[in-house]
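There are 2 protein chains.
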Amino acid sequence: MIQIAILGLGTVGTGVARVVAENARQIERKLGEPLQVKSILVRHFKDGPYRQLMTDDFRRIEEDESIRVVVETIGGVDAAYEYTRRALEAGKHVVTANKQLVAERGFELLALAKKKNVSYLFEASVGGGIPILHPLTQCMAANRIDEVYGILNGTSNYILTRMVRTGAFFTDALREAQAKGYAEADPTADVEGVDAGRKICILADLAFGHQVEPERVPMEGIRKLSLRDVRIAQRAGYRIKLLGRAVRLPGGGRTAYVAPHLISEENPVASVEDVFNAVVVRGNATGEVMFYGRGAGELPTASACVADVMECLQSSARREEIGWSSETDGFEDPAELKTRYYFRIEGSLTDAAMAFGQVEVLSEDGETAFLTDSISGTDALRQSSFLNVLACMRVLA
Amino acid sequence: MIQIAILGLGTVGTGVARVVAENARQIERKLGEPLQVKSILVRHFKDGPYRQLMTDDFRRIEEDESIRVVVETIGGVDAAYEYTRRALEAGKHVVTANKQLVAERGFELLALAKKKNVSYLFEASVGGGIPILHPLTQCMAANRIDEVYGILNGTSNYILTRMVRTGAFFTDALREAQAKGYAEADPTADVEGVDAGRKICILADLAFGHQVEPERVPMEGIRKLSLRDVRIAQRAGYRIKLLGRAVRLPGGGRTAYVAPHLISEENPVASVEDVFNAVVVRGNATGEVMFYGRGAGELPTASACVADVMECLQSSARREEIGWSSETDGFEDPAELKTRYYFRIEGSLTDAAMAFGQVEVLSEDGETAFLTDSISGTDALRQSSFLNVLACMRVLA
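Chains A and B supply the protein sequences, listed in that same order.
Per my numbering, the very first residue in the first sequence carries number 839; after that it's consecutive.
Per my numbering, the very first residue in the second sequence carries number 839; after that it's consecutive.
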């Protein structure tokens, strides 16, 4: 019998308790022994099926030597950080879906885990139940990873899908997402690109092996996106998607950012709709592989946490591939990265051509929408400085 | 310094040597020490960069205690089985891309590996460089897996793509695939569904935890597929794809088979084209997740082998989840499985309705093409027995 504790009993915490109970047979067959939730840390006691397991005193978990794994589902940084640190110090494995904590302090917690010879795992922090971090770090371990990009936030993808399909405005699509429970009452982290930004930081950390500081990663969301650009893009054979992107630069540096992109409809990522997520990893041997599925939800996210619990119990904690260097040098501003750019300007094709030379016109009717050649973000900004720019987005090659 | 041996120096074997050399830095960073190919078993010595490493005597590898991992890339069963068994007996880990050997004798070799406390890993046997088996067995370990299906053979998918895009007949599309090097001179295993069949056996073994005997898995390829059905399906919003499919049946049994299917164009698998592969895994907690990429090729397949080499060296060999029971009971004929069926008959809608009651007509012009309700394979056969059936395929829900 292996005993674990859950910190927090929100959506993910409840899901973990449910998955452990409902899939007990599968889990026992693979683990060789039964898995049991012994304690659940809550702030306020509530009636319900888990009443007997609740405690509001973390020390009872910390000091219980029979508890081998702690699943942290509190979220945020403050208490989650404190309890994670103490659990690791007490020699317990810790598993989490907390992307903010991993993006901001993952390096430090991983180093502590290695020192204590336990694991700190967080597969559920990116892509919910879609396996991404393990495939990236382990199955693709023999590759040099050159790029990772993807649709990392289901809420904003749902809003974009509604805008494309029904011609809804951003604010109406957001209200619909809130009504369906896909968006929080305060949707800032989702629609401003912050949630996707934390995830791309974690992916970049693991892909390139160096700490990426979230505050250096430009995060642009979809709030300013116009229905007009959605339509122009679609007529030209593109979809607009909010992408997190981490790229190894030709000079050996690395960069990462979040922004809406035009994507050719032939790229499988362009067809990813509603609340689905997709992550593409490009390795120098494997080429591009894509991981696709529901990126959130109680049971998918919880089942990824439980799989990590099982992984902790079966693997060596000293696996070098799950971890990264604290060295942040080599991170460059994504302005260095060259791509084609989409512009919509108040002005004519002549104005566009004067700024960028030859361009590919997508629409021209008072306003002009066009694609440039591949240029850096710095050049895109400089060359467009005399134009009246209404919209500007990168194009994914 | 960790030393390995490669058995065979064909496409995959050469790729393994190249990946070890070209990605040496990445591999060393993750492994904590350098990885080196010490010996390569060949039948005939050839000049080239690996001449110094070649041997034609397996005993030199078997008896060399400095060799910790053997990568078997010989293919087939006879010699590959013999050398794998002896390497495991000698206490070496074995890694392979050999789907035939794993499908036919994987159970026995895994049991031997466990007994000797070493690993037998074969991520590259399904999907080439796309991570599938590890995500299925480890990242989704907390799920009850209810279904696995996918496009498992790039050659036949390339042929189907050409038939849809250019209206080519099967034989012309096959010739084109051969000219491009996507199909072997003898394409039987690819176009008759045998290659996909071996892969679905391995996926079913791991998903359900019981040995599936390849000879009990019906394998139908694409050789008899008519361009006419491809066109009718497309007009009705479907694509035809060759799928391997393994399903947990409502009564607790399991089944697996390979056959062409109609798939709604809204299913992401329908958009998988050319030589790409995609595998969908449906877990009771995670829902459907899809893994997508190039399913073959020298470097992708080789990099999956090298990742398995690294995995062997870092994980406990006793991981219960990589393995399955020898118990074959519970495997049922896929005729038990209910789906909608596509029929094209020489006859009228009245004939179709007399056989199946209400049907959904897709085309009617002398011949009639239609979809039935969801019925078992047995019923499909029985109810159509008085019809002149020109084509019959399952529809993926």
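A portion of the hints provided could be inaccurate.
No distinction is drawn between identical chains; accordingly, a pair holds when it is met within one copy or between any pair of copies.
[As the list claims (entries may be wrong)] Subject to a maximum C-alpha distance of 20 Å in a straight line, what follows is the list of computed EDC-like cross-link-like pairs (lysine to aspartate or glutamate): (1) Lys952 <-> Glu866; (2) Lys1062 <-> Glu1205; (3) Lys954 <-> Glu920; (4) Lys952 <-> Glu871; (5) Lys953 <-> Glu1104; (6) Lys1062 <-> Glu1051; (7) Lys954 <-> Glu903; (8) Lys884 <-> Asp1211; (9) Lys954 <-> Glu1103.
Simulated from the structure, these hints should not be mistaken for laboratory data.
Do the hints match the structure? See the list:
Only between protomers do Lys952 and Glu866 lie at most 20 Å apart by alpha-carbon distance; the minimum there is 18 Å, versus 27 Å within a single protomer. When the C-alpha separation of Lys1062 and Glu1205 is checked against a cutoff of 20 Å, the pair qualifies only within one copy, where the shortest distance is 18 Å, while the shortest distance between copies is 54 Å. Taking CA atoms no more than 20 Å apart as the test, Lys954 paired with Glu920 passes inside one copy only; the shortest distance there is 16 Å, against 43 Å between copies. Taking the shortest Cα distances, Lys952 and Glu871 sit within 20 Å of each other only across copies (18 Å), while inside one copy they are farther apart (25 Å).
Proximity of Lys953 and Glu1104 under a CA criterion of 20 Å is satisfied in neither setting, with 47 Å inside one chain copy and 49 Å between copies. For the identical chains of this complex, Lys1062 and Glu1051 are neighbours neither inside a copy (25 Å) nor across copies (57 Å), given an alpha-carbon limit of 20 Å. Taking the closest pair of Cα atoms, Lys954 and Glu903 come within 20 Å of each other only inside a single copy of the chain (15 Å); across copies the shortest separation is 32 Å, beyond that limit. In this assembly of identical chains, Lys884 and Asp1211 lie within 20 Å of each other by CA distance neither inside one copy nor across copies; the values are 60 Å within and 48 Å between.
Taking CA atoms no more than 20 Å apart as the test, Lys954 paired with Glu1103 passes in neither setting, with 48 Å inside one copy and 51 Å between copies.
In summary, the structure is inconsistent with hints 5, 6, 8, 9 from the numbered list given earlier, while agreeing with the others.
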